[in-house]
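K.L.:
Protein chains in written order, with the working numbering: chain A, 25 to 242; chain B, 231 to 454; chain C, -7 to 108.
Careful: at least some of the hints might be erroneous.
[Claimed, not checked] Derived lysine-lysine pairs resembling BS3-like cross-links, with alpha carbons at most 30 angstroms apart:
id, chain 1, residue 1, chain 2, residue 2
1, A, K232, A, K153
2, C, K104, C, K90
3, C, K90, A, K153
4, C, K43, A, K190
No lab work stands behind these hints: they were computed from the structure.
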Amino acid sequence: MPKWFMPLAGINAVMFAAAPFIIASANYEATMGLVQKIFYFHMPSASMFLVSAVVCGIASARYLFGGSPRQDRLAYAAAELAVLFGAITLVTGPLWARKAWGVWWAWDVRLTSSLMGWMVAWAYLLVRKYGGPGSDKLAAGLALFGMANVPFVYISVNYWRTIHPKTSVVPTLPADMGMALWFSFASFLVLFVLLLRLRVYLEEERTKLDALYLSLDE
Amino acid sequence: MIRTAWLVLKKDLTVEVRSLEIAYTTLFFAVSCVLFFAFALVKEGKAPEDGAAGILWIAIAFAGTLALGRTFERERQSETLRALLMAPADRPAIYVGKLLGIIALLIAAEIVLVPLVAFLFQAPLLSHPFWLAAVLISGTIGFAAVGTLFSAMLVRARSRDVLLPVLLYPITVPVIIAGVRATAELLQPDVELSLVRFWVALLLALDVVFVTLALWTFEPLMTD
Amino acid sequence: MQPSLRRATRLRQGFGAHASTRRHGALICFLLLLVVSTPLVAQQQQPEPPKQTDEFVPISQLPPQDQLPAAPLLVTAYAFVWLALFGYLVSLARRLSKVQREVERLESDIAKGSRT
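Work out the full structure, taking the sequences as your base and the hints as a guide.
P.N.:
Written out as structure tokens, the structure is:
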């Protein structure tokens, strides 16, 4: 593991410990009240979900056209993180929606396309696990299509009439809410980097294991 | 490039016409799909509102998945795919040829399905035939573009029968949604054509994105 | 592909299947959560959807709570986030230690020369 890992992990732990206090100190929102505080974890998770999908897509493209196994390991790790952060988003969102919109789920563009992107990430993991030989390239192809979905998920809420808040919410946040949000966002971003590095490390160890088995055969 | 695609298409059509195996089985499956939905959803002799659009597209999606699997299974059995790939032909041209074959098969199925669904669900599907054709064709192209790519990739994979839907359905969700919305709009008593035009435009944009991505990745994906 | 590489790949797949049982646990947890929430989804009402928000308006006092208490939802949301992140870390740690044990075992076997 690289030298920056443990110090950064320590810092991240402190950030996550401090986050609830910063979130509690932010003002309540006028119409949604207490439940709006879910926002401070929901939005960063959603952003990390999209970032994971993009990282997976870019690494997959580089793997397909360059053949570097390092990119393949990165793509696999990013897909797993996309499933993780997507799951967090798709659970915290409905919990918030139950109070704010009155329903657990709505089939609007933002929710539907996010769910679809999440399923693509799942499909990536399934293919890697059960696809047999050649499944790495297969999954890479899939990841490219998944990445094409990401910009659509982001802008969908601005161009369609949806029940989900628009992206203009974030730039127009008042100072105390903004600070809480960006602090949480930074915590999640650092966490994403840490988890990605850790997961890639697992993949590297597996590669080492394969190489060892291979050397035994000779 | 076009000549290669045409040759691949002609080869597929020739093989298919000899036995019509895939055509008949796909068609039968699609029809039984529609009937299943009819039995499941009809209450007191009446089908649900707007059911026709959804059922039509689900039948197309399921039948299409089956047809895709069967087409490439045939290639795998005769090892013709390897022969195709070793031929001094443009790889993307092979993809285009296969794609056109699948599209032809699905359009043939839709020609049967549309009157059937219209009849079973008393839906005025044939009231705007040109728009319906536009919706069906652009949706079919989108679905087939992704499907052809994935089933070609899956030919040598394990669990390929289960993996094709796993890969295909999430990606084609936008195509299905747009197709169903457009078809449902066409079934309304007072159709809002601008809305239909919007969905068709979205479908065409998706077609362009999917076909471009597929052409771009077909070569590296098929090399092993 | 060389025969030995093919064998290694097959071994790797076999190994991978065992090592991923830990991941099964996490997957099953997520799936169970989805299943459990389905009856809750079934109780949806559909009131008039509110106007789409494009900015958050702050106030400093909580308004009087009306229909649904927010606290359980908030607590569940945060609890889920912690559990998911923690569960993932545990899953990673388990998989990593398993692979590293296997690596150590193989390396010592090779050093001992007992397999050649």
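K.L.:
Are any of the numbered hints broken by this structure? If so, which, sorted upward?
P.N.:
none
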